[in-house]
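Student: Using the sequences and the hints given, assemble the complete structure.
There are 2 protein chains.
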Amino acid sequence: MGQDGSPAHKRPSGSGGGLPTTTVANGGGRGGGGRGGLLPRGRQMQKTFNNIKITILCGFVTILVLRGTIGVGNLGSSSADAVNQNIIEETNRILAEIRSDSDPTDLDEPQEGDMSPNATYVLGPKITDWDSQRKVWLNQNPEFPSTVNGRARILLLTGSPPKPCDNPIGDHYLLKSVKNKIDYCRLHGIEIVYNMAHLDKELAGYWAKLPMIRRLMLSHPEVEWIWWMDSDALFTDILFQIPLARYEKHNLVIHGYPDLLFDQKSWIALNTGSFLLRNCQWSLDLLDAWAPMGPKGPIRDEAGKVLTAYLKGRPAFEADDQSALIYLLLSQKDTWMEKVFVENQYYLHGFWEGLVDRYEEMVEKYHPGLGDERWPFVTHFVGCKPCGSYADYAVERCLKSMERAFNFADNQVLKLYGFGHRGLLSPKIKRIRNETVTPLEFVDKFDIRRTQVETKPQN
Amino acid sequence: MGQDGSPAHKRPSGSGGGLPTTTVANGGGRGGGGRGGLLPRGRQMQKTFNNIKITILCGFVTILVLRGTIGVGNLGSSSADAVNQNIIEETNRILAEIRSDSDPTDLDEPQEGDMSPNATYVLGPKITDWDSQRKVWLNQNPEFPSTVNGRARILLLTGSPPKPCDNPIGDHYLLKSVKNKIDYCRLHGIEIVYNMAHLDKELAGYWAKLPMIRRLMLSHPEVEWIWWMDSDALFTDILFQIPLARYEKHNLVIHGYPDLLFDQKSWIALNTGSFLLRNCQWSLDLLDAWAPMGPKGPIRDEAGKVLTAYLKGRPAFEADDQSALIYLLLSQKDTWMEKVFVENQYYLHGFWEGLVDRYEEMVEKYHPGLGDERWPFVTHFVGCKPCGSYADYAVERCLKSMERAFNFADNQVLKLYGFGHRGLLSPKIKRIRNETVTPLEFVDKFDIRRTQVETKPQN
Chain A
1 MGQDGSPAHK
11 RPSGSGGGLP
21 TTTVANGGGR
31 GGGGRGGLLP
41 RGRQMQKTFN
51 NIKITILCGF
61 VTILVLRGTI
71 GVGNLGSSSA
81 DAVNQNIIEE
91 TNRILAEIRS
101 DSDPTDLDEP
111 QEGDMSPNAT
121 YVLGPKITDW
131 DSQRKVWLNQ
141 NPEFPSTVNG
151 RARILLLTGS
161 PPKPCDNPIG
171 DHYLLKSVKN
181 KIDYCRLHGI
191 EIVYNMAHLD
201 KELAGYWAKL
211 PMIRRLMLSH
221 PEVEWIWWMD
231 SDALFTDILF
241 QIPLARYEKH
251 NLVIHGYPDL
261 LFDQKSWIAL
271 NTGSFLLRNC
281 QWSLDLLDAW
291 APMGPKGPIR
301 DEAGKVLTAY
311 LKGRPAFEAD
321 DQSALIYLLL
331 SQKDTWMEKV
341 FVENQYYLHG
351 FWEGLVDRYE
361 EMVEKYHPGL
371 GDERWPFVTH
381 FVGCKPCGSY
391 ADYAVERCLK
401 SMERAFNFAD
411 NQVLKLYGFG
421 HRGLLSPKIK
431 RIRNETVTPL
441 EFVDKFDIRR
451 TQVETKPQN
Chain B
1 MGQDGSPAHK
11 RPSGSGGGLP
21 TTTVANGGGR
31 GGGGRGGLLP
41 RGRQMQKTFN
51 NIKITILCGF
61 VTILVLRGTI
71 GVGNLGSSSA
81 DAVNQNIIEE
91 TNRILAEIRS
101 DSDPTDLDEP
111 QEGDMSPNAT
121 YVLGPKITDW
131 DSQRKVWLNQ
141 NPEFPSTVNG
151 RARILLLTGS
161 PPKPCDNPIG
171 DHYLLKSVKN
181 KIDYCRLHGI
191 EIVYNMAHLD
201 KELAGYWAKL
211 PMIRRLMLSH
221 PEVEWIWWMD
231 SDALFTDILF
241 QIPLARYEKH
251 NLVIHGYPDL
261 LFDQKSWIAL
271 NTGSFLLRNC
281 QWSLDLLDAW
291 APMGPKGPIR
301 DEAGKVLTAY
311 LKGRPAFEAD
321 DQSALIYLLL
331 SQKDTWMEKV
341 FVENQYYLHG
351 FWEGLVDRYE
361 EMVEKYHPGL
371 GDERWPFVTH
381 FVGCKPCGSY
391 ADYAVERCLK
401 SMERAFNFAD
411 NQVLKLYGFG
421 HRGLLSPKIK
431 RIRNETVTPL
441 EFVDKFDIRR
451 TQVETKPQN
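Going line by line, the protein sequences match chains A and B. Quick note on full-length UniProt numbering: the first sequence kicks off at 1 and runs consecutively. Quick note on full-length UniProt numbering: the second sequence kicks off at 1 and runs consecutively.
Any given hint might turn out to be false.
The list makes no distinction among identical chains, and a pair is therefore deemed to hold if it is satisfied within one copy or across any two copies.
Restricting the straight-line Cα-Cα distance to at most 20 Å, the calculated cross-link-like pairs of lysine to any residue (SDA-like) are [as the list claims (entries may be wrong)]:
id, residue 1, residue 2
1, 445, 145
2, 430, 121
3, 163, 400
4, 47, 239
Because the hints were derived from the structure by calculation, they are not lab data.
Tutor: Okay, here's the thing in structure tokens:
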């Protein structure tokens with residue numbers, strides 16, 4: 001685009017977008033000044049200087065663009081990175097398509113829209129005789145007992161949203177989290193259901209566990225306990241077992257503190273990130289009483305205001321399942337509390353901040369199987385939200401802490417195989433004992449399933 | 001940087017890096033021409049025009065930088081995206097740190113470097129009496145039998161590298177893949193080990209399965225079969241069971257075609273993406289014979305050349321475990337083949353390309369439990385490599401096909417719960433039957449564990 005002739009547009013070499021550079025053609029412009037002949041020396045210098053400025057400027061921004069496109073430190077890298085970038089861009093495009101969920105074969109498009117505040121939300125048709133239905137079924141199906149090897153059958157329910165995380169690292173930590181759960185549950189004979197679907201569009205997000213818990217209870221009569229566990233909670237005591245004998249007279253086992261609950265009405269008195277619910281009529285009734293604050297939209301928003309007013313320390317936001325449960329148990333205390341065990345003798349849920357820096361100290365002083373502050377059963381990364389975008393804590397602190405917790409647990413699993421991580425931040429492992437031609441002596445010694453002890457919480 | 005005074009540097013508004021813009025100060029430069037007074041009109045126009053050019057240019061590259069930084073289509077988005085972008089950038093920085101594995105607490109830094117071509121690689125100390133060691137142990141430990149409910153105990157081994165995928169979507173599909181395996185294995189009483197560690201730095205990548213298989217055999221004497229399955233292989237027939245009775249006299253079960261193997265010596269005659277290896281001395285010996293082509297560096301490179309020369313259709317690249325196994329079984333046929341079952345009556349491994357477009361047709365015409373081309377047991381996404389960068393197939397085709405396979409399988413799992421996906425590309429689900437107050441009739445009807453039949457492959 002020049003006034004006379006066409007200035008030379010040169011594309012810089014290298015991969016990543018090319019930027020046009022304009023070299024101002026010699027010969028000045030229209031209007032005054034010599035044209036055709038040599039310019040005065042001073043003017044020539046000025047023009048040259050201007051050209052240099054423009055070249056430097058455009059070279060600088062070219063570098064910035066390349067840097068932004070192909071990443072720091074990769075200047076001058078090969079076309080492989082351009083291919084890589086293309087793949088990532090194409091992936092993002094496909095992701096956006098999948099996220100928009102524009103499948104032409106989608107039938108029965110639901111009526112989108114929030115539930116009317118006047119409608120009454122129900123999880124499902126009211127069942128009133130679940131205990132006897134279940135008992136009859138168990139009698140008729142002895143090949144599906146509700147106890148296995150003398151222990152009540154537990155099913156661990158966890159999950160994550162169906163779509164890729166907003167923050168890519170989120171999926172990687174979801175993967176590690178489920179591996180962690182696979183390891184614990186394999187060693188303790190617990191089945192896992194990993195839910196990636198919203199059974200009820202009204203109850204999405206943290207509320208999604210309610211319809212899924214109900215559905216699993218009704219579909220798995222052989223299961224005695226449904227154990228919900230958040231995707232951001234990791235097992236960190238691989239040896240510890242839930243002391244089920246403590247809960248023979250209870251139907252809900254949840255970590256919390258009675259004084260925070262009854263005296264302070266604190267919104268964090270209990271934690272619904274990890275709790276057990278017995279498969280029985282009482283639990284179906286609890287779910288039915290719990291759910292009504294859940295439907296998204298005006299109901300959930302209004303309920304949130306009620307909860308914020310009622311519970312100590314609760315910020316203003318829509319109703320969440322944890323606050324709603326606390327509210328329910330407080331406002332209908334006589335109905336429910338008799339069967340609720342508020343557990344804090346071990347970390348059924350262990351808030352991560354006070355735990356993650358002490359793992360080395362724990363290894364030095366204690367041993368697995370304790371489940372409490374000496375060797376926490378579960379380390380729960382509340383507020384870290386690696387899958388989403390709006391964490392309550394610094395990203396670096398969260399990611400490194402989750403890495404440490406994962407490796408701390410993994411070391412306990414790898415011990416049987418003779419390995420351990422090089423450090424709590426390291427994905428690499430090293431041998432912790434030599435191999436032998438008689439490996440079974442170590443199986444006898446280290447296989448957790450063979451060294452199970454009924455852990456008694458300290459009182 | 002100006003000849004006179006200082007040109008105004010203005011940072012453009014908005015997030016993502018600011019670019020300096022230079023507005024050339026009015027008043028011209030040194031040397032000729034009027035200074036201080038008004039320039040001739042023509043010169044003024046030229047200067048103005050030059051300024052406009054520079055402004056447009058720099059504005060253009062600013063847009064490019066922003067576009068590259070915050071993604072297409074996000075121009076003018078809110079500060080939330082800036083926060084999001086900051087989180088993602090910080091995450092990437094942390095990721096780079098984790099990938100570089102710079103943990104100061106790392107002890108015993110290994111001697112990096114390839115194995116000398118003269119050294120002989122061994123997986124571990126040579127065991128010669130594993131069958132009798134195992135038999136004695138099983139006798140002494142009746143609480144850990146090698147059969148459960150009349151079926152030999154199987155352990156499924158799968159895994160992925162310890163670090164986040166180069167392509168972020170890769171971790172999401174690894175997550176879906178492991179959920180798919182969790183579902184199948186829960187329904188069939190199979191234990192899972194998800195390996196995210198390299199037990200032997202020499203045998204990384206696709207070779208990593210060998211030391212892990214050996215380690216699991218020696219650590220789990222109660223396990224009769226180790227089943228290796230790639231992370232890019234999905235179960236697509238949730239009902240089908242491995243017909244173990246077919247393999248009573250065999251120790252390795254692998255999908256393949258005898259004519260491709262013996263007549264054509266094709267490098268894809270067998271597929272090591274999904275195979276079963278019995279826990280016995282024969283298998284330890286096979287692993288020992290298989291491993292020597294694996295150590296990375298000159299050994300693996302040289303071995304690759306041998307394999308390319310020997311096997312039909314093999315491209316030139318380092319030795320992979322599949323080619324090495326084919327080579328071993330061909331070159332030492334008499335030693336091994338008697339105990340190898342080359343299976344193709346059902347899709348122990350099913351190459352995805354010919355399968356994924358037919359799922360709707362399968363639903364229409366057939367039913368789960370067949371395991372073959374009518375309803376494939378396993379759909380294996382060979383060459384898609386969602387975790388890495390260098391796929392052999394188009395990214396879009398791969399991702400959409402994996403989504404379809406996942407949902408095709410998930411529908412079979414969700415059926416018990418009364419749900420199904422809205423379409424094979426949709427993460428959303430819908431009810432496929434109404435809820436009732438007597439849910440156990442559906443449990444009797446749809447619970448796969450209750451409808452297990454010993455499937456006989458067609459002959």
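Student: For every hint, state whether the structure bears it out.
Tutor: Results for each hint:
1. Taking the shortest alpha-carbon separations for residue 445 and residue 145, only the inter-copy value of 18 Å comes in at or below 20 Å, while the best intra-copy value is 30 Å.
2. Within a single copy, residue 430 and residue 121 get their C-alpha atoms only as close as 54 Å, which misses the 20 Å cut-off; across copies the closest is 18 Å, which meets it.
3. Proximity of residue 163 to residue 400 under the C-alpha cut-off of 20 Å is restricted to the inter-copy arrangement: shortest distance 13 Å between copies versus 24 Å within a copy.
4. Within a single copy, residue 47 and residue 239 get their C-alpha atoms no closer than 77 Å, and across copies no closer than 78 Å, so neither meets the 20 Å cut-off.
Of the numbered hints given earlier, the model fails hint 4 alone.
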